[in-house]
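Asks: What follows is each chain in one-letter form.
There are 2 protein chains.
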Amino acid sequence: MRQLSFLLVAAFLTASAAYADEGMWTFDNPPTQRIAQKYGVNITPEWLDTVRLATVRLSNCTASFVSPNGLILTNFHCSWACLGDHSTKDKSLMTDGFLADTREKEIRCEQQIADVLVSYENITAKVAAATKGLDDKDANDVRKKTLTQLEQACEKASSKDRKTGPLKCESVNLYNGGQYWIYKYKRYDDVRLVFAPEFGIAQFGGDPDNFQFPRWCLDMSVLRAYDSSGKPAVTPHFMKIDFKGPAENDPVFVSGQPGSTDRLLTVAQLKTLRDEDLPRALLRRSELRGRYIQFGKQSEQNDRIIEVPLVSIENSLKVQRKELDALHNDQLIVSKAREEIDIRKLVNSTPDLAATIGDPWQDIERAEALGSAISLPYTYLEAGAGFDSKLFRSARTILRGSVELPKESDKRLREYRETALPRIEQGLAASTPVYPELEQLTLSMSLERMREWLGPDDPTVRQLLGKESPDQLAKRLIAGSKLADPKVRMELWKGGAKAVDAANDPMIEVARLVDERARALRKNYEDNVEAVTRVASEKVAKARFATLGTSVYPDATFTLRLSYGSVQGWIENGRKVEPFTQLASVFERATGQPPFQVPASWMKVKDQLDMTTKFDLATNNDIIGGNSGSPLINAKGQIVGLVFDGNIHSISGSYWFDEKMNRTVAVHPAIIQEALAKVYGAKNLLAELQ
Amino acid sequence: MRQLSFLLVAAFLTASAAYADEGMWTFDNPPTQRIAQKYGVNITPEWLDTVRLATVRLSNCTASFVSPNGLILTNFHCSWACLGDHSTKDKSLMTDGFLADTREKEIRCEQQIADVLVSYENITAKVAAATKGLDDKDANDVRKKTLTQLEQACEKASSKDRKTGPLKCESVNLYNGGQYWIYKYKRYDDVRLVFAPEFGIAQFGGDPDNFQFPRWCLDMSVLRAYDSSGKPAVTPHFMKIDFKGPAENDPVFVSGQPGSTDRLLTVAQLKTLRDEDLPRALLRRSELRGRYIQFGKQSEQNDRIIEVPLVSIENSLKVQRKELDALHNDQLIVSKAREEIDIRKLVNSTPDLAATIGDPWQDIERAEALGSAISLPYTYLEAGAGFDSKLFRSARTILRGSVELPKESDKRLREYRETALPRIEQGLAASTPVYPELEQLTLSMSLERMREWLGPDDPTVRQLLGKESPDQLAKRLIAGSKLADPKVRMELWKGGAKAVDAANDPMIEVARLVDERARALRKNYEDNVEAVTRVASEKVAKARFATLGTSVYPDATFTLRLSYGSVQGWIENGRKVEPFTQLASVFERATGQPPFQVPASWMKVKDQLDMTTKFDLATNNDIIGGNSGSPLINAKGQIVGLVFDGNIHSISGSYWFDEKMNRTVAVHPAIIQEALAKVYGAKNLLAELQ
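These protein sequence lines map, in sequence, to chains D and L.
If you count by numbering that gives the first Met the number 0, then the first sequence holds residues 0 to 689, one letter each, in order.
If you count by numbering that gives the first Met the number 0, then the second sequence holds residues 0 to 689, one letter each, in order.
Since the hints were derived computationally from the structure, they do not count as laboratory data.
It is possible that part of the hints are untrue.
As the list makes no split between identical chains, a pair holds if one copy fits it or if it spans any two.
Said to hold, decoys possible - Taking lysine-lysine and the DSS-like style, the derived pairs with C-alpha atoms no more than 25 Å apart in a straight line are:
hint, residue 1, residue 2
1, Lys466, Lys296
2, Lys466, Lys481
3, Lys486, Lys603
4, Lys143, Lys185
5, Lys296, Lys474
Let the hints inform the model, and build the full structure from the sequences given.
Replies: Structural data, given as structure tokens:
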């Protein structure tokens, strides 16, 4: 079965074919013909514009405007950070939920933003011109500089443009380097929490039911965007909710920001994921999960402290272990290898292509080998696996900021480019809690694992640990650092190198101690792995365009995409899984113990609830992590669901789309209405939604 | 490089070749010619007899007699259980070490045994005759019955044999079914602890240095076998220690019980290990490690409670993750696949072979698929992953014993055959500590993971958990069970079904609740996976004999083997690793913090120690887990080292032997002498050893 979808892709090579409802399509290249043919729906430019302008990109998720006054609908789990930031050891918004019955009570999510994609521009030719004739390494440097310059020029221009007002401009790399674009966003950086239900119903079934269906989760939260003057944003482009929802087989669309897929990776790259990256990440996460759980059992306060980190890590664990399963399916690797052989043959049989493209697959394989050789120190020292600590992350940001900011924007490490600074400062200034107990847990574990994987004789490990154990070092750094205070962080950030040197903060000093080697590892990686891979991937992309045409979609990049499909279940072990669930089953499934415990608010009004209310639903849209919070949209452009998950088979969607099994899972609008009206008495909110 | 050793095996197919020092050879088929050719050492039958009769099989390790009075030399880590059993929350023998300066002070290791291989008998023909003409499933049942009957007859005969006295008779399956043997052991079930150093020096470097070399571990303990009258055993066959040790390149031999290798597995079987078994086991162990560590940080008592379980799990984790790395080395799978193709070709080109052997590789592939389909419930319900608890293991043993013992010995589940009962009873009667806190940790975690992997809708999960959380269920079972008391265990074991029913012990009732399904899963596994695989593996073995001759050795089976080689280092990243380490480096490497903390006993006498004393050494012998505690023997039959580990490359020895990199690591006899004399003042012990 799995092979089928792959044969379809291979079939592009020779002939037209019946298409699966596959693809995360850019708004400049939507598959309107296929949609019209298969579903009789005419996707007009107006429909696309409305959907685009009503779709919101959060820092971590998708969302949508659902009123003209900046009201935003997204998932509960997209607001974990906000709920955690407003919780204390003694009171948890995650557990209890939140409702602002008036606008004054809406609370700011200090780390959150809301972006709307206003326009976009193809800059492929500009990037190509800038890097023409350069070797891989120089091209890599110049490419980054060019992107930084184009972004900055775009923001500057927009700030003078009365029609648009200031925009955030971000370069986007599609088809692994096949195309470059500038995406221009209107950004709201004052986003407030309006409503979240209790964790118990938002994520009923918890980790055991995560990525499962049938499912009963009210995985929603409501936010509101505010403008720079502190008033609710004016958002004339919004979508109405159709509370009765769709019928089985109705065509439905998902608009949103799928985060990342690896469908265009070469076999060599997939093998690195299978053999190194995923197993190592799983080992680390699995141990961390064990530590969190045991830590949480020590007291109710501890249990609250690890609420957000634990659900978050359990989610990643499940994703990564199913990704590993997918890569262990030899059919996947074999199909990919076969596709590679076919494309290479086509390239070689066309002299023009053969001359310009060469053998980028082999270049990538060589770069992967170089990457593997430095992967462990790179992961622990530069990518942060050795310093899992909020304080350390602040320390490194402040330290590197003090070195980078004096340089011109396009000469800095790219994450410190001028246009990126507002987000960094928002993070440093946010008064989010730092729990020393939790810092101790994560930092000491990551130091211990660094010693395990790099070995006690690694020079940095020796220098760091000296005569201390990982526990002792972590304790000393955490106790001595003042970076938990946002004021201190901002003073050091603004104060530059002099202030940073004078601070003598032990966490910053550790960041300094590893910085030379960490930067060298990064340089090595960028010059010898990234640079080669980038050029080779562009060639692979060209080969794909040349052989497959443009009827393909790029890998997900956390930028706006449209996916199409219909409401449907699937066949699991010979039995049909129905596409809708009902409220009644929640109470049947409840055991009285978390994560199968129905909150008291629901138990209290149980008798008044309509037990036939639809709860969650399944569709065959092609989505991936990052689409959380996406609106499920009908042909009329109304919201008929709130996407929050995929079924277990959807996780292999990282590498291919299995049309028979891969399903999107969404909250049904009917349960949103039922809950807001009868459980939460959220009259004002409901009125605004209707 | 890795491919080389495999080419050598493949070379057997066509011509003679230069042999690597590879193989764990049975004593009936030692490669004496190769040894004579390469090392000029003449291995005589007398040499073999002495070595065999002086080599001891412990329950978990290898050891050797080193005096005529039952004195046994083995590793520190082979005595973990004994040290743990004699520790309490407040005092740890693991940490502090132990020395009995007189025989009266030697303390019994209640779970330990010492077996000596007295003789062995080839029963391949008998087993073949019994199963002739039967289908796979019936053959599997009859084979087990036959082995049970032969073992029982052998023990009965020995009990009447005045010359040998009563022996333990165990069937052994070599070459994955290619041969069956009965191995006959003299057993000592009264084994006492004489000496163990502190953990800090026995396992200096702890987990970070585990499987590394250079190394500085005094990984030794000394035991003594007692006879049934409570007197030190008379052991005229023992080996003397040559305290000055061997020189570089000296020929050396390892005699011992390598536990398990998978070098004869087919590619299909290796893929199951790579894709399912190892990743799943690693995830479970990694989380458990995290839980143990966090639990240990809560108090000093907790830290002591998890000492033994933690070192044990960290050891398994490192082994399994390097095994997974080995299987991710595509060269390994590719070489194995190539070898399979070659043998299959040879079989097919010989009509006789083709007719009798057919295609067992495909049979195994099919059986693997059936095994995969039931692997999760089998692992959690029958193999115990869902009930990680000492109390549960006792409960299941008692429950199943009450059902099985009334049957005839050869009709029981094979582990309850008459000849196996003494070991079961030794375990049930042992007064080893059960810590409820630790039981709570392991049982609640395993129940939680069972719910995760089988799903909350699995019927057994539903039945078990009902309205309780995994934590609550574990707590209730542990609090309510009386099975921590060895007297209660023995009463129920002896009392049979009636006593067991009357006990109403909640842990036994849970064991009963899952027993029907667990047994059904086992039956399914035995009939459809094991039965098919056994027959197919025999055919593969026959094909190997037919094509490779008998110049091959069987996979390790925790039975007596001889490996040959020489003292040597290796080349790591272009630099030579010297084969010896010296005492001085311990003090240089010490940080003052565990696991790099030198015990106080050593610091006190530091000035009196000879810093040039050799500490550990490396050889190229082919060994694997189970060889721990093995004597390293010179041509004269003297002990010149105490094997305790391999280098990191040796772990891939599960699947193939890499002569360039795979090394055995042993304690040097000189440091044993230096430590006993100057650090521990163990005069009597040293006198007995000299």
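Asks: All the hints need checking, so say for each whether the structure fits it.
Replies: Hints, verified against the model:
1. In this homomeric assembly, Lys466 and Lys296 come within 25 Å of each other (Cα to Cα) only across copies, at 20 Å, whereas the closest approach inside a single copy is 32 Å.
2. With identical chains, the CA atoms of Lys466 and Lys481 are at most 25 Å apart within one copy only, with a shortest distance of 24 Å there and 46 Å across copies.
3. Taking the shortest Cα distances, Lys486 and Lys603 never come within 25 Å of each other, neither inside one copy (44 Å) nor across copies (51 Å).
4. Taking the shortest Cα distances, Lys143 and Lys185 sit within 25 Å of each other inside one copy (23 Å), while across copies they are farther apart (74 Å).
5. Taking identical chains as interchangeable, the C-alpha atoms of Lys296 and Lys474 lie at most 25 Å apart whether they share a chain (21 Å) or sit on different chains (13 Å).
Consistency with the previously given hints fails for number 3 only.
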